[in-house]
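Line by line, the protein sequences give chains A and B.
For the first sequence, position 162 matches number 162 in this note's numbering, and the numbering has no gaps at all.
For the second sequence, position 46 matches number 1046 in this note's numbering, and the numbering has no gaps at all.
Incorrect hints may have been included.
Straight line, CA to CA, 30 Å or less: simulated DSS-like cross-link-like pairs of lysine-lysine [said to hold, decoys possible]: (1) B:K1249 with A:K71; (2) B:K1168 with B:K1249; (3) B:K1249 with A:K30; (4) A:K24 with B:K1135; (5) A:K220 with B:K1208; (6) A:K220 with A:K267; (7) A:K278 with A:K334; (8) A:K24 with B:K1289; (9) B:K1208 with A:K267; (10) A:K30 with B:K1168; (11) B:K1282 with A:K267; (12) A:K24 with B:K1168; (13) A:K178 with A:K267; (14) B:K1135 with A:K30; (15) B:K1154 with A:K24; (16) B:K1135 with B:K1168; (17) A:K46 with B:K1032; (18) B:K1208 with A:K71; (19) A:K339 with B:K1208; (20) B:K1032 with A:K30; (21) B:K1289 with A:K30; (22) A:K220 with B:K1032; (23) A:K267 with B:K1274; (24) A:K46 with B:K1249; (25) B:K1261 with A:K24; (26) B:K1249 with A:K24; (27) B:K1271 with A:K220; (28) B:K1208 with A:K334; (29) A:K24 with B:K1032.
Because the hints were derived from the structure by calculation, they are not lab data.
Here is what each chain is made of, one letter per residue.
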Amino acid sequence: MRNILLIISGLAVIAIGCKREEVKVYQIPKESAPQVMPHQTAPEWKVTGVTPANWEQMPSTGMRVAQYIVKGKDGSQGEVVVMPMAGMKASKEEILAIWRQQFGQNVKESSRKVKIGGDEGELYDFSGNQPKDSNIPERILVAMLFKDNVNWFFRLSGNNTVVEEAQNDFINYLNSVKLEQSAPGQSSEPKVNPHQMQPERNTTQAEQMPVELPVPENWKQLAPTPMAPLRYEVTSGNSTALITITRLDGDGGGLLPNINRWRGQIKLAPINQADLDKQITKIKTTAGEAIVVDFSGSNASNEPTRIVGIILPAGNHTWFFKMTGQDGAVNAHKDGLIKFVQSFKF
Amino acid sequence: MRLTVVCLALAMILVFIGTLAQVDKGIFIVQKEFFQSFIVISDLRVFNYRIPVIFPGGYLIGLVLLLNLFVSNVMRFDLQPKRIGLLITHFGLLVLLVGQLLIDQFHTESNMRLVEGQSLNYSESYNRCELALVKISDPQADTVVSIPESLLEKGSVIRNPHIPFQVKIHEYFPNSRIENVSGGGENTASTLGAGRQLRVIPLPPETKSDSRNAPSAIVEIIGDNAPSGTWLVSLFIEQPQEFNVGNEKWTISLRPERYYKPYFITLIDFKHEKYPGTDIPKNFSSRVKITNPQTGEEREVLIYMNNPLRYGGETYYQGSFDPNDDRVSILQVVRNPAWATPYIACILVGLGMTIHFIINLGIFVNEQRKK
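In isolation and in its complexed conformation, chain A is listed as follows (with noise of 0.2 Å):
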């Protein structure tokens, strides 16, 4: 009796410790497209345009709609990329800025008009002296066009003799394109949720953002939440704090409202609008002016806890910045969370 207990025994044991992970095979019903309603507020844009051979049209990735890779005849590689952004506030000047400001001073800049599909835009020519192992183009040719409350990018950018050979075929390009927009989900094209986007397929929130979202090497990036799809982790030193981004309709429920949520996080009373007022600061940002807010209170388990927060209305929405933690890391970090702000491309 006592020996079949003791097979039985180990036979229980192998059993589980063998299990291992194996490949699974099954079928499914064809999958269709998903049958969602039209979202207002996400449209998508399907752009064409005649193409010389040598461009190959790349998946579109969150901003850019449309892409190639255009390659040049001594093997080296450019690009072109299409964007719209819509509602937007900044200024031609403000954007143009955005241009300059990657060459530095050695910025050679010229400009002219250009026909883009059936309308007239402007053509900017940017080239510099870059380092070969800069990330900064040597070359970029920007069309730009505001149409039906959008402005259009079309960039061509790579190394001078890229740009140089697929100049005309970019120009061909730009007066042959055409941009459609079509009903949200009908794109065929496949998507790409590139740098630094979470993995998160709980939100749409992350496709409306900014795609190339200047963050600060320092700056972790975590895994989303449905609450807070960017979330980052900034430490000095043995303390740590959570800084977490999100956009919200209209007002986002108010700002007096939200201050006092978060002041209740850290246990500080609730304060009233005149208060409020003498408590933040402005700062100036590409999309207009946001608030600043610092407040220290204590966490669930009474450990002190500082929360910085910035508002910022642009558009329709309303942006929340805000860095969560233990005094050192925000200290240390609330210059950069502003700048971050202040150099932000809404």
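Assemble chain B onto chain A, guided by the hints.
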């Protein structure tokens, strides 16, 4: 009895060191290393010192407890009326231990994200991923070959009779992010597909329970008529990438592990109320329609807080919502075939102890009367 006490003491120590390790390693790694293993071979960080840990794992302690209980009851089996309560109590404990083992092996939790009007026949895992190869050229149905993340090791080659090619894993990053590489070039992650304009930045594994890893891998499809080159697959690349092998059209993607169901859930309406002026949820509910082609069933159900839908062996809870899209409902899907075992075990233990108490009370009263 002595062995049981030793096992319980070891279990307490295991829970203690597992809890300490959780701070550093995160709940999922600790679950796997400490509790779902026979031997713990790990380390523990205490005041910036790493202390190696070699200790009996959760499976070993649980199995020894289970077998000790089972063997001692069989060896000392004695069906006397006054022992019936003890036997029932011990049987309840056996049910509890076996039930926990079954739950550990078969319990799954996933989520189903639905936009109003959308139908889905699968839910997705929170923390597990799969490399999915799908043959889409068959007009009748798609064939899915799901390779679990645990098999994605650098240098490994995956073969399966259902795929006419081999998959070689060149690189595997358990957690990563990806970046655009302007203009492509030599620094890109792969030579084919979306990875020609992207590069992978490896990241340390997530340790927080509300965070998930975002794995990426660079793979090669090897076979006759297969495209020559490497592909980047990543949780960040949402759309599957297509390739042809001979006349067959396939897609490849790294995605959250999917649990397919033989029925569809359609979200008809999602209601989400917040307390005025805040983002704090007050009440939220999802009206869904179940369509089961196998049974011809088609009916509407309202899921709301504390009122889940139980269907097809799974329970659908109103899990979450998308704060930025009021048409989106996120349902938590729980499959737990052994859900009843803790209840049965508690009833048995309670019943056994009650019977044992009553019998002993009777004996005591009788003895008192005789005196």
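Quiz item: Are K1032 (chain B) and K30 (chain A) close enough, with their CA atoms no more than 30 Å apart?
Solution: Answer violated: K1032 (chain B) to K30 (chain A) is near 36 Å, above 30 Å.
Practice problem: Verify the proposed pairing of K1168 (chain B) with K1249 (chain B), using a straight-line Cα cut of 30 Å. | Solution: With Cα atoms ~19 Å apart, K1168 (chain B) and K1249 (chain B) stay inside 30 Å; holds.
Self-check item: Distance restraint between K24 (chain A) and K1135 (chain B), which requires alpha-carbon spacing of 30 Å or less
Solution: holds (14 Å)
Quiz item: CA of K1271 (chain B) to CA of K220 (chain A), is that 30 Å or under?
Solution: violated (35 Å)
Quiz prompt | Hinted pair K1249 (chain B) and K30 (chain A), Cα distance within 30 Å | solution = holds (13 Å)
Quiz item: Does K24 (chain A) pair with K1168 (chain B) here, judged by a C-alpha cut-off of 30 Å?
Solution: Roughly 17 Å separates the two Cα atoms, so the pair holds.
Practice problem: For the pair we were handed, K1135 (chain B) and K30 (chain A), check the Cα-Cα distance against 30 Å. | Solution: Judged against 30 Å, a Cα distance of about 10 Å means the pair holds.
Quiz item: Between K220 (chain A) and K267 (chain A), does the CA-CA distance stay at or below 30 Å?
Solution: holds (27 Å)
Quiz item: Hey, K220 (chain A) versus K1032 (chain B), does the alpha-carbon distance stay inside 30 Å?
Solution: Satisfied, since the Cα-Cα distance of roughly 25 Å is no more than 30 Å.
Exercise. For the pair we were handed, K267 (chain A) and K1274 (chain B), check the Cα-Cα distance against 30 Å.
Key: holds (22 Å)
Quiz item: Straight-line Cα separation of K1249 (chain B) and K24 (chain A) no greater than 30 Å?
Solution: holds (19 Å)
Self-check item: Given hint K24 (chain A) paired with K1261 (chain B) - CA-CA distance at most 30 Å
Solution: holds (15 Å)
When held up to the earlier numbered hints, the structure conflicts with 13, 17, 18, 20 and 27 and fits the remainder.
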